[in-house]
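A.B. asks: Next come the chains, spelled out residue by residue.
There are 2 protein chains.
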Amino acid sequence: MLNELERLKETNISTEEIFSGNILHVVRDTVELPDESRATREVIRHIGAVCVIPVTDEGKVVIERQFRYPIDQVITEIPAGKLDSPKEDRLEAAKRELREETGYTADEWIDLGTFYGAAAYTDEKITMYMARGLHKGKQELDQGEFLDVYEVPLTELVEDVMKNRIPDGKSEIAILKAARYLGL
Amino acid sequence: MLNELERLKETNISTEEIFSGNILHVVRDTVELPDESRATREVIRHIGAVCVIPVTDEGKVVIERQFRYPIDQVITEIPAGKLDSPKEDRLEAAKRELREETGYTADEWIDLGTFYGAAAYTDEKITMYMARGLHKGKQELDQGEFLDVYEVPLTELVEDVMKNRIPDGKSEIAILKAARYLGL
Chain A
-1 MLNELERLKE TNISTEEIFS GNILHVVRDT VELPDESRAT REVIRHIGAV
49 CVIPVTDEGK VVIERQFRYP IDQVITEIPA GKLDSPKEDR LEAAKRELRE
99 ETGYTADEWI DLGTFYGAAA YTDEKITMYM ARGLHKGKQE LDQGEFLDVY
149 EVPLTELVED VMKNRIPDGK SEIAILKAAR YLGL
Chain B
-1 MLNELERLKE TNISTEEIFS GNILHVVRDT VELPDESRAT REVIRHIGAV
49 CVIPVTDEGK VVIERQFRYP IDQVITEIPA GKLDSPKEDR LEAAKRELRE
99 ETGYTADEWI DLGTFYGAAA YTDEKITMYM ARGLHKGKQE LDQGEFLDVY
149 EVPLTELVED VMKNRIPDGK SEIAILKAAR YLGL
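Protein sequences, first through last, are from chains A and B. Read left to right, the first sequence gives residues -1 to 182 (our numbering). Read left to right, the second sequence gives residues -1 to 182 (our numbering).
Don't read these hints as lab results, they were simulated from the structure. Treat the hints with caution; some may be incorrect.
Listed below are the simulated DSSO-like cross-link pairs for lysine-lysine, each with C-alpha atoms no more than 27 Å apart in a straight line [said to hold, decoys possible]:
#, chain 1, residue 1, chain 2, residue 2
1, A, Lys93, B, Lys93
2, B, Lys93, A, Lys80
3, A, Lys123, A, Lys85
Facing chain B, from chain A, some residues (calculated, C-beta under 7 Å) [as the list claims (entries may be wrong)]:
#, residue
4, Lys7
5, Leu22
6, Arg39
7, Ile171
Cβ coordinates follow ideal geometry from the N, Cα and C atoms, glycine included.
Model the full structure from these sequences, guided by the hints.
C.D. replies: Next up, the structure:
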């Protein structure tokens, strides 16, 4: 009997470069499928990202309202950002993003895991942390970055997720994982 | 005082078409930021998608192992797929994907909400359902589609999510939402 990889793997035959932008690198690859037929795969290569759910001693989450151009909406999101380079340490990137976007630093960093946001068409890998023992400092937004920061009880955010009021995928995962982690 | 949209909104100035593929449509837009400076936004336009967490009467989830070319790995995922057309009814699409990928039909469909997988660079909108009252039928995979289907207790999948053994974002959300919905 074939093993899992033999049954399922797609093998690269050739790669066509489509677009190399500031954030997105697009390729169109030809692949060989397990039955030896061929197909094309459109793939976004992405540098990777981190996100942070900062939870205060009072059980509140430091969260953001941010305009997202692709969906033409302001949505509620946890602090997050791209890596500065492919080799950047993910925890350091998370500390930087939290500090720049919200002004907060944290004593304790809990790794909530790494996931792919859309493995069908991008290799973007997002590592998620919960930050505890928060200390307020000064926000330092990047040029051209605009967002509002506020605090909401984690229990209220869990209800928001269950009632479909948080349309951001990574924030839904972080809120539900943090709640379960903290026994809420 | 400025309202939220006035403080945060980015306004389209122009759009440059980059790539129109089978799945991905890439544009590079010039936008005006709230401080009237300009920036570029690389955006993937996507048709939209659905996903389904099918839970049997015994509390098991019908789940898949699928090779994802962009990350060169076989991962565990709930059944999911793109819409056939932008106007396709999302519930009908979910029923189709569940039937084709696993063979199952369902008596009860519970809307678990709609989210954006990566609002920073794509408008892909994913609607999530829980399917109950399952009836086994015949799998009908698309040409070139290869995947293994099996069953795992939902409680075991929740533990897998918390221990970072499910690296697929939508599946993490669905597992945690379904568990909370069912009081697990």
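A.B. asks: Does the nearest C-beta of chain B fall within a distance shorter than 7 Å of the C-beta of lysine 7(A)?
C.D. replies: holds (5 Å)
A.B. asks: Taking 27 Å as the top limit, are the C-alpha atoms of lysine 93(B) and lysine 80(A) close enough?
C.D. replies: Violated, because 35 Å separates the two Cα atoms, which is more than 27 Å.
A.B. asks: Check the hint pairing lysine 93(A) with lysine 93(B) against an upper bound of 27 Å on the C-alpha distance.
C.D. replies: violated (42 Å)
A.B. asks: Does lysine 85(A) sit within 27 Å of lysine 123(A), going by the straight-line distance between their CA atoms?
C.D. replies: Distance ~13 Å between lysine 123(A) and lysine 85(A) Cα, so the pair holds.
A.B. asks: Next item in the hint list is isoleucine 171(A). Is there a CB on chain B closer than 7 Å to its CB?
C.D. replies: Hint on isoleucine 171(A): holds, closest Cβ of chain B at ~5 Å, below 7 Å.
A.B. asks: Hint arginine 39(A) vs chain B: min CB-CB distance below 7 Å?
C.D. replies: holds (5 Å)
A.B. asks: With a cut-off of 7 Å on the beta carbons, see whether leucine 22(A) makes it to chain B.
C.D. replies: With a closest approach of 5 Å, the leucine 22(A) hint holds.
Checked against the numbered hints given earlier, this structure breaks hints 1, 2; the rest are met.
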